[in-house]
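Asks: Sequence:
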Amino acid sequence: MALPGNAPGLKTLLASGMVILLVPFSVTAATDKVQQIGGVIIPQAFSQALQDGMSIPLFIHLEGSTGTQDDQRIGNAFIWLDNGVLRVRQIQLEENDNNATVSEQTRKQLTALANEAFSKDLNISLTDDARLQLSLRQLLLQLVVKKEALGTVLRSRSEDIGQSSVNTLSSTLNYNLGVYNNQMRNGGNNTSSYLSLNNVTALREHHVVLDGSLYGIGSGNQDSDVYKAMYERDFAGHRFAGGMLDTWNLQSLGPMTAVSAGKIYGASWGNQASSTVFDNTQSATPVVAFLPAAGEVHLTRDGRLMSVQNFAMGNHEVDTRGLPYGIYDVDVEVIVNGRVVSKRTQRVNKLFSRGRGAGAPLAWQFWGGSFHMDRWSESGKKTLPAKDSWLAGASASG
Numbered sequence: 001m002a003l004p005g006n007a008p009g010l011k012t013l014l015a016s017g018m019v020i021l022l023v024p025f026s027v028t029a030a031t032d033k034v035q036q037i038g039g040v041i042i043p044q045a046f047s048q049a050l051q052d053g054m055s056i057p058l059f060i061h062l063e064g065s066t067g068t069q070d071d072q073r074i075g076n077a078f079i080w081l082d083n084g085v086l087r088v089r090q091i092q093l094e095e096n097d098n099n100a101t102v103s104e105q106t107r108k109q110l111t112a113l114a115n116e117a118f119s120k121d122l123n124i125s126l127t128d129d130a131r132l133q134l135s136l137r138q139l140l141l142q143l144v145v146k147k148e149a150l151g152t153v154l155r156s157r158s159e160d161i162g163q164s165s166v167n168t169l170s171s172t173l174n175y176n177l178g179v180y181n182n183q184m185r186n187g188g189n190n191t192s193s194y195l196s197l198n199n200v201t202a203l204r205e206h207h208v209v210l211d212g213s214l215y216g217i218g219s220g221n222q223d224s225d226v227y228k229a230m231y232e233r234d235f236a237g238h239r240f241a242g243g244m245l246d247t248w249n250l251q252s253l254g255p256m257t258a259v260s261a262g263k264i265y266g267a268s269w270g271n272q273a274s275s276t277v278f279d280n281t282q283s284a285t286p287v288v289a290f291l292p293a294a295g296e297v298h299l300t301r302d303g304r305l306m307s308v309q310n311f312a313m314g315n316h317e318v319d320t321r322g323l324p325y326g327i328y329d330v331d332v333e334v335i336v337n338g339r340v341v342s343k344r345t346q347r348v349n350k351l352f353s354r355g356r357g358a359g360a361p362l363a364w365q366f367w368g369g370s371f372h373m374d375r376w377s378e379s380g381k382k383t384l385p386a387k388d389s390w391l392a393g394a395s396a397s398g
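Quick note: the sequence shown uses this note's numbering, first residue 1, plus one each step.
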């Protein structure tokens, strides 16, 4: 059937209708590509990146603090978009001696997070005193904590010196030479001399120690003796020694008064080692200060300033190495932006000790071997022959 004469107008109307019908569909398709999370519009490209997952920094923030200048980075968080829901896949914490730390309970909650979903406000509640808060605009994650959720940054009481920095053979030789002359009234004289040698040859953590002496050098009564020929390995806080030892190298936790003069062929193993250095110059009872922001800690005693130290936000143990030994009270003042925010009295307990110091683990050694006793006299009357006997024991000190 042919169209009437006004067919061009009808065609125009139909074409306009098509435009009217197509435009709403195109707008709907564009709207589907835009996503909104926590009040933030997420473009398609960024949404795809979130679906693939991304790593963002994790900062600790004290609740009630204004601004983020005192926030400290404590790790990284891996987040991803799962069917329109943001989740935390994993959190990795970083250790830094200068940064604030969290309590053990909060730490366990953080490390246990796996595919945990954020709320509509982009936060995750961990405990009553800690929560995670995500900022999509800044692409960072804050651990917002109260004072109760903070741990204490304590100073290490021991340090492992680690592997040797020299990978080649090295050696040291210590010697002591003595010569003396004795003039007698009848005109006679007597000259004698001795030379003591101590040699240590090392390859990384492996040591060979030789110790001996020469007597009467250049005279007809020249003699020599070896006191120690020992292999030793001291590493990671444990020490092994074997060979011809003296009583101190067999065990060094206390004197062995029951062993008389002689040579010991044996071995020793324990944690009384030189590879771990213990610091006994700190107070046995830690002096701790809480700083709501970066500032200073002043220690005063009887009105006299003894120490000034700078710390970041958090609970920090104050360095007491430079304080005098003894048991006494000090005033601990926390100063932030030139204003005293807290003042407490705490006790310093520094006892002079050459040992491992307070808080050190139990020291132990297992030892044993064969003991060769030289010929000896009993009360200067009866001479007993040389003999061999066996030794075995364990020592502990704490």
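Everything labelled a hint here was simulated from the structure, so no lab data went into it.
None of the values given here were measured: they were computed from a predicted structure.
Do not rely on the hints blindly, as some may be mistaken.
What the hints assert, rightly or not - Calculated pairs, DMTMM-like style, for lysine to aspartate or glutamate (alpha carbon to alpha carbon, straight line, at most 20 angstroms):
hint	residue 1	residue 2
1	146	63
2	147	211
3	343	296
4	120	82
5	146	128
6	228	246
7	108	148
8	263	302
9	147	129
10	350	374
11	147	104
12	147	333
13	146	317
14	387	225
15	147	116
16	263	296
17	108	121
18	147	63
19	108	95
20	263	374
21	147	128
22	343	388
23	350	319
24	146	71
25	108	82
26	387	374
27	343	317
28	146	211
29	350	388
30	147	71
31	228	388
32	343	148
As the list claims (entries may be wrong) - Restraint-style ranges between C-beta atoms, simulated for each label pair:
hint	residue 1	residue 2	range
33	173	98	39 to 45 angstroms
34	375	186	43 to 49 angstroms
35	82	105	39 to 45 angstroms
36	156	269	23 to 29 angstroms
37	269	219	52 to 58 angstroms
38	193	393	37 to 43 angstroms
39	173	394	20 to 26 angstroms
40	53	269	46 to 52 angstroms
By construction, the Cβ of each residue, glycine as well, lies at the ideal position given by its N, Cα and C atoms.
Asks: If a hint holds in the structure, say so; if it doesn't, say that too.
Replies: Right, here's what the structure says about each hint:
{"no.": "1", "hint": "146 <-> 63", "verdict": "holds (5 angstroms)"}
{"no.": "2", "hint": "147 <-> 211", "verdict": "violated (58 angstroms)"}
{"no.": "3", "hint": "343 <-> 296", "verdict": "holds (12 angstroms)"}
{"no.": "4", "hint": "120 <-> 82", "verdict": "holds (14 angstroms)"}
{"no.": "5", "hint": "146 <-> 128", "verdict": "holds (9 angstroms)"}
{"no.": "6", "hint": "228 <-> 246", "verdict": "holds (6 angstroms)"}
{"no.": "7", "hint": "108 <-> 148", "verdict": "holds (15 angstroms)"}
{"no.": "8", "hint": "263 <-> 302", "verdict": "violated (57 angstroms)"}
{"no.": "9", "hint": "147 <-> 129", "verdict": "holds (8 angstroms)"}
{"no.": "10", "hint": "350 <-> 374", "verdict": "violated (45 angstroms)"}
{"no.": "11", "hint": "147 <-> 104", "verdict": "holds (14 angstroms)"}
{"no.": "12", "hint": "147 <-> 333", "verdict": "holds (18 angstroms)"}
{"no.": "13", "hint": "146 <-> 317", "verdict": "holds (19 angstroms)"}
{"no.": "14", "hint": "387 <-> 225", "verdict": "holds (18 angstroms)"}
{"no.": "15", "hint": "147 <-> 116", "verdict": "violated (25 angstroms)"}
{"no.": "16", "hint": "263 <-> 296", "verdict": "violated (58 angstroms)"}
{"no.": "17", "hint": "108 <-> 121", "verdict": "violated (23 angstroms)"}
{"no.": "18", "hint": "147 <-> 63", "verdict": "holds (8 angstroms)"}
{"no.": "19", "hint": "108 <-> 95", "verdict": "holds (15 angstroms)"}
{"no.": "20", "hint": "263 <-> 374", "verdict": "holds (8 angstroms)"}
{"no.": "21", "hint": "147 <-> 128", "verdict": "holds (11 angstroms)"}
{"no.": "22", "hint": "343 <-> 388", "verdict": "violated (67 angstroms)"}
{"no.": "23", "hint": "350 <-> 319", "verdict": "holds (12 angstroms)"}
{"no.": "24", "hint": "146 <-> 71", "verdict": "holds (13 angstroms)"}
{"no.": "25", "hint": "108 <-> 82", "verdict": "violated (24 angstroms)"}
{"no.": "26", "hint": "387 <-> 374", "verdict": "holds (7 angstroms)"}
{"no.": "27", "hint": "343 <-> 317", "verdict": "holds (15 angstroms)"}
{"no.": "28", "hint": "146 <-> 211", "verdict": "violated (61 angstroms)"}
{"no.": "29", "hint": "350 <-> 388", "verdict": "violated (46 angstroms)"}
{"no.": "30", "hint": "147 <-> 71", "verdict": "holds (14 angstroms)"}
{"no.": "31", "hint": "228 <-> 388", "verdict": "holds (18 angstroms)"}
{"no.": "32", "hint": "343 <-> 148", "verdict": "holds (19 angstroms)"}
{"no.": "33", "hint": "173 <-> 98: 39 to 45 angstroms", "verdict": "holds (43 angstroms)"}
{"no.": "34", "hint": "375 <-> 186: 43 to 49 angstroms", "verdict": "violated (33 angstroms)"}
{"no.": "35", "hint": "82 <-> 105: 39 to 45 angstroms", "verdict": "violated (27 angstroms)"}
{"no.": "36", "hint": "156 <-> 269: 23 to 29 angstroms", "verdict": "holds (25 angstroms)"}
{"no.": "37", "hint": "269 <-> 219: 52 to 58 angstroms", "verdict": "violated (43 angstroms)"}
{"no.": "38", "hint": "193 <-> 393: 37 to 43 angstroms", "verdict": "holds (39 angstroms)"}
{"no.": "39", "hint": "173 <-> 394: 20 to 26 angstroms", "verdict": "violated (35 angstroms)"}
{"no.": "40", "hint": "53 <-> 269: 46 to 52 angstroms", "verdict": "holds (49 angstroms)"}
Hints 2, 8, 10, 15, 16, 17, 22, 25, 28, 29, 34, 35, 37, 39 from the list above are not met by this structure, while the remaining hints are.
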